[in-house]
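Using the hints provided, position chain B relative to the given structure of chain A.
Number of protein chains: 2
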Amino acid sequence: MPIFYHPDITSGIVSLDAEESRHCVKVLRLREGDSVSVADGRGTLCRCRIVSADARECVVEAVETEEHYRQRPFRLHLAVAPTKNMARIEWLVEKAVEIGVDEFTPVICQHSERGVLKTDRLEKIAISAMKQSLRASLPVIHGATSLSDLLSSNLPQQRLVCYCEGNQRQSLHQVYARGHDAVVLIGPEGDFAPSEIAHAMEAGFVPVTLGDTRLRTETAALYALSALNFINE
Amino acid sequence: MPIFYHPDITSGIVSLDAEESRHCVKVLRLREGDSVSVADGRGTLCRCRIVSADARECVVEAVETEEHYRQRPFRLHLAVAPTKNMARIEWLVEKAVEIGVDEFTPVICQHSERGVLKTDRLEKIAISAMKQSLRASLPVIHGATSLSDLLSSNLPQQRLVCYCEGNQRQSLHQVYARGHDAVVLIGPEGDFAPSEIAHAMEAGFVPVTLGDTRLRTETAALYALSALNFINE
Numbered sequence: 003m004p005i006f007y008h009p010d011i012t013s014g015i016v017s018l019d020a021e022e023s024r025h026c027v028k029v030l031r032l033r034e035g036d037s038v039s040v041a042d043g044r045g046t047l048c049r050c051r052i053v054s055a056d057a058r059e060c061v062v063e064a065v066e067t068e069e070h071y072r073q074r075p076f077r078l079h080l081a082v083a084p085t086k087n088m089a090r091i092e093w094l095v096e097k098a099v100e101i102g103v104d105e106f107t108p109v110i111c112q113h114s115e116r117g118v119l120k121t122d123r124l125e126k127i128a129i130s131a132m133k134q135s136l137r138a139s140l141p142v143i144h145g146a147t148s149l150s151d152l153l154s155s156n157l158p159q160q161r162l163v164c165y166c167e168g169n170q171r172q173s174l175h176q177v178y179a180r181g182h183d184a185v186v187l188i189g190p191e192g193d194f195a196p197s198e199i200a201h202a203m204e205a206g207f208v209p210v211t212l213g214d215t216r217l218r219t220e221t222a223a224l225y226a227l228s229a230l231n232f233i234n235e
Numbered sequence: 003m004p005i006f007y008h009p010d011i012t013s014g015i016v017s018l019d020a021e022e023s024r025h026c027v028k029v030l031r032l033r034e035g036d037s038v039s040v041a042d043g044r045g046t047l048c049r050c051r052i053v054s055a056d057a058r059e060c061v062v063e064a065v066e067t068e069e070h071y072r073q074r075p076f077r078l079h080l081a082v083a084p085t086k087n088m089a090r091i092e093w094l095v096e097k098a099v100e101i102g103v104d105e106f107t108p109v110i111c112q113h114s115e116r117g118v119l120k121t122d123r124l125e126k127i128a129i130s131a132m133k134q135s136l137r138a139s140l141p142v143i144h145g146a147t148s149l150s151d152l153l154s155s156n157l158p159q160q161r162l163v164c165y166c167e168g169n170q171r172q173s174l175h176q177v178y179a180r181g182h183d184a185v186v187l188i189g190p191e192g193d194f195a196p197s198e199i200a201h202a203m204e205a206g207f208v209p210v211t212l213g214d215t216r217l218r219t220e221t222a223a224l225y226a227l228s229a230l231n232f233i234n235e
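In order, the protein sequences belong to chains A and B. Here my numbering is used: the first residue of the first sequence is 3, the next is one more, and so on. Here my numbering is used: the first residue of the second sequence is 3, the next is one more, and so on.
Same shape as in the complex, but just chain A (with noise of 0.2 Å):
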């Protein structure tokens, strides 16, 4: 049973768009009064029925609403320095929504490769990648911002930077706490400057260490992600 995309189903009535009522009418051949679940991307669920099949503007009112729909207890914000190469970020995204994340910033560091980022594209992978999932929310993704920006914002508690150097860096294991909202901050390819993790420290992160190999900024991104996901499954 797929799950399509509306951010008003909740207000009744709506018409998918374009692709999705291609997919809905044409690909899986619904018709008027079949059922279909539609996806606010807040984390609201809606059991629908099809009032009108029509392949170019499919409409379908909600019968019954889920909301927090698979709504976990804990928050992950993704915070990580883009790649040069736009493909390998927007992979990053597709994977993160579906392994489960709540927040992604792209942050802008001394040796970040890349200083600025459209994120409507990464909107729309997240949204295929929810419907994929077969979650109900999506991710905040905000735009590109400088560390001290990040640094100096509304974060968790429970802050992790990963850091290639240093020895006093710990495992996840020690440092995160099952079922506590997180931020994860990577780097990029260069690392982080060092004044850049002193600040970071100051701002109340904990280094931590993936491993004794050097992971690309994505791989870092995904494997920590999954680890905290894993802890908290």
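Any given hint could be a false lead.
[To be verified] Simulated pairs of lysine-lysine, BS3-like, Cα-Cα distance not exceeding 25 Å:
#1 A:K126 to B:K86
#2 B:K120 to B:K28
#3 B:K86 to B:K120
#4 A:K28 to B:K126
#5 B:K120 to A:K86
#6 A:K28 to A:K120
#7 B:K126 to A:K86
#8 A:K126 to A:K86
#9 A:K120 to A:K86
#10 B:K126 to B:K86
These are computed hints drawn from the structure, not numbers from a lab.
Same frame as chain A, but now just chain B:
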């Protein structure tokens, strides 16, 4: 300090291939007498001296040999039904090598979207991921294998199959014993056929769940591999 690759470096004096020679001499501007590290892909890392800094054919001589470089005390075998989209398999191999995998088998199942698979490109991707992540071993990459051939092959005692259905599934937390060799079997988008799961269970595979969301094949594979590596961290 980058790592280069040559399967015969332990024999003493070898020529790096054209691409690595160019990288070594043109990009890194290394000269005769400079040191480089060369991995043989079977766990041995050699500290080498550049004998001839030729940008087309850089000749290096092994000076010091370290066997079992960063070798882990356990082996992880990922057996995955290949996706229709080859880019997703290539991505999976890159990430799996970075995170840590010792054996990779594309498994052909009843609901597989792909029955054949060229592994030569996967080998290349594994080599560059090995160098990227500063490892000295390449995973064994098998050709496309039928599920029954896999099940009748020589597998580690810890056998896990990720399955979307069934209520007898356990979490990896409950099933996997830290430090042990393991094989993880991941099915196609259409999941395993019930008869395939039955066959796998007869062969000693324990059904595990990766949570209640639906993960793409390559995402499930990477999440499971991350969890097993994290348990061993």
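Hints, verified against the model:
no., hint, verdict
1, A:K126 to B:K86, "holds, 22 Å"
2, B:K120 to B:K28, "violated, 32 Å"
3, B:K86 to B:K120, "holds, 13 Å"
4, A:K28 to B:K126, "violated, 41 Å"
5, B:K120 to A:K86, "violated, 29 Å"
6, A:K28 to A:K120, "violated, 32 Å"
7, B:K126 to A:K86, "holds, 22 Å"
8, A:K126 to A:K86, "holds, 20 Å"
9, A:K120 to A:K86, "holds, 13 Å"
10, B:K126 to B:K86, "holds, 20 Å"
Of the numbered hints given earlier, the model fails hints 2, 4, 5, 6; all others are met.
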